[in-house]
Amino acid sequence: MVVPVGGGGLSSGSCLATCYFSPNTVVVGVRPWLARDAKESLEKGAVQPPYPPKSIADGLRTNLGEKTFNILKTHLSDIILVSEG
110 MVVPVGGGGL SSGSCLATCY FSPNTVVVGV RPWLARDAKE SLEKGAVQPP
160 YPPKSIADGL RTNLGEKTFN ILKTHLSDII LVSEG
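Residue 110 is where the sequence shown starts when you use the working numbering, and the numbers rise one by one after that.
These aren't lab readings, by the way, just hints derived from the structure by calculation.
With a straight-line Cα cutoff of 30 angstroms, these simulated DSSO-like cross-link-like pairs (lysine-lysine) come out:
#	residue 1	residue 2
1	176	148
2	176	153
3	182	148
Work the whole structure out from these sequences, hints included.
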(Lines of atoms letter the chains of each structure in order from A and count residues from 1; the text may use other names and numbers.)
(Lines give C-alpha, C1' and ligand atoms only; values in the text may rest on other atoms or scores of the structure.)
Protein backbone atom coordinates (compact mmCIF):
# COMPACT_ATOMS: atom_id res chain seq x y z
CA MET A 1 0.00 0.00 0.00
CA VAL A 2 1.26 3.49 -0.81
CA VAL A 3 0.45 6.34 1.61
CA PRO A 4 1.40 10.03 1.73
CA VAL A 5 3.62 11.04 4.64
CA GLY A 6 3.06 14.50 6.10
CA GLY A 7 3.02 14.82 9.86
CA GLY A 8 2.61 11.07 10.01
CA GLY A 9 -0.96 10.80 11.29
CA LEU A 10 -2.57 9.28 8.20
CA SER A 11 0.46 7.17 7.34
CA SER A 12 0.96 5.80 10.87
CA GLY A 13 -2.75 5.01 11.14
CA SER A 14 -2.58 3.27 7.78
CA CYS A 15 0.44 1.29 8.98
CA LEU A 16 -1.30 0.17 12.16
CA ALA A 17 -4.52 -0.80 10.36
CA THR A 18 -2.59 -2.67 7.68
CA CYS A 19 -0.48 -4.47 10.29
CA TYR A 20 -3.65 -5.59 12.08
CA PHE A 21 -5.85 -6.50 9.12
CA SER A 22 -3.26 -7.58 6.54
CA PRO A 23 0.09 -8.28 8.21
CA ASN A 24 1.73 -9.46 4.98
CA THR A 25 1.03 -6.18 3.17
CA VAL A 26 3.97 -3.82 2.72
CA VAL A 27 3.31 -0.12 3.38
CA VAL A 28 5.42 2.43 1.50
CA GLY A 29 5.28 6.18 2.11
CA VAL A 30 5.52 8.91 -0.49
CA ARG A 31 6.95 12.36 0.13
CA PRO A 32 8.02 15.24 -2.18
CA TRP A 33 11.78 15.59 -2.70
CA LEU A 34 11.69 19.14 -1.35
CA ALA A 35 10.09 17.88 1.86
CA ARG A 36 12.29 14.84 2.48
CA ASP A 37 12.73 15.21 6.25
CA ALA A 38 10.59 12.11 6.96
CA LYS A 39 12.79 9.89 4.77
CA GLU A 40 15.93 11.30 6.35
CA SER A 41 14.40 10.77 9.80
CA LEU A 42 13.86 7.07 9.08
CA GLU A 43 17.38 6.73 7.66
CA LYS A 44 19.04 8.49 10.62
CA GLY A 45 16.80 7.01 13.32
CA ALA A 46 15.68 10.36 14.77
CA VAL A 47 13.29 13.10 13.72
CA GLN A 48 15.13 15.53 11.46
CA PRO A 49 14.28 19.23 11.09
CA PRO A 50 11.88 20.05 8.25
CA TYR A 51 12.90 21.73 5.03
CA PRO A 52 11.25 25.01 4.05
CA PRO A 53 7.78 24.06 2.75
CA LYS A 54 8.15 24.10 -1.04
CA SER A 55 5.36 21.86 -2.23
CA ILE A 56 2.08 22.26 -4.04
CA ALA A 57 0.82 19.41 -1.85
CA ASP A 58 -0.15 21.47 1.20
CA GLY A 59 -1.11 18.37 3.22
CA LEU A 60 2.50 17.21 2.99
CA ARG A 61 4.00 20.45 4.29
CA THR A 62 3.59 19.40 7.90
CA ASN A 63 6.40 18.29 10.19
CA LEU A 64 6.86 14.67 11.18
CA GLY A 65 5.89 14.21 14.83
CA GLU A 66 7.76 12.16 17.43
CA LYS A 67 4.79 9.86 18.17
CA THR A 68 4.07 9.16 14.54
CA PHE A 69 7.77 8.73 13.78
CA ASN A 70 7.95 5.89 16.31
CA ILE A 71 5.11 4.07 14.54
CA LEU A 72 6.53 4.71 11.07
CA LYS A 73 10.03 3.51 11.91
CA THR A 74 8.52 0.20 13.05
CA HIS A 75 5.89 -0.39 10.36
CA LEU A 76 6.74 1.65 7.25
CA SER A 77 8.83 -0.24 4.72
CA ASP A 78 10.32 2.82 2.99
CA ILE A 79 9.58 6.34 1.80
CA ILE A 80 9.77 7.07 -1.90
CA LEU A 81 10.65 10.65 -2.84
CA VAL A 82 8.88 12.17 -5.82
CA SER A 83 9.51 15.26 -7.90
CA GLU A 84 6.80 17.82 -8.45
CA GLY A 85 8.22 19.01 -11.75
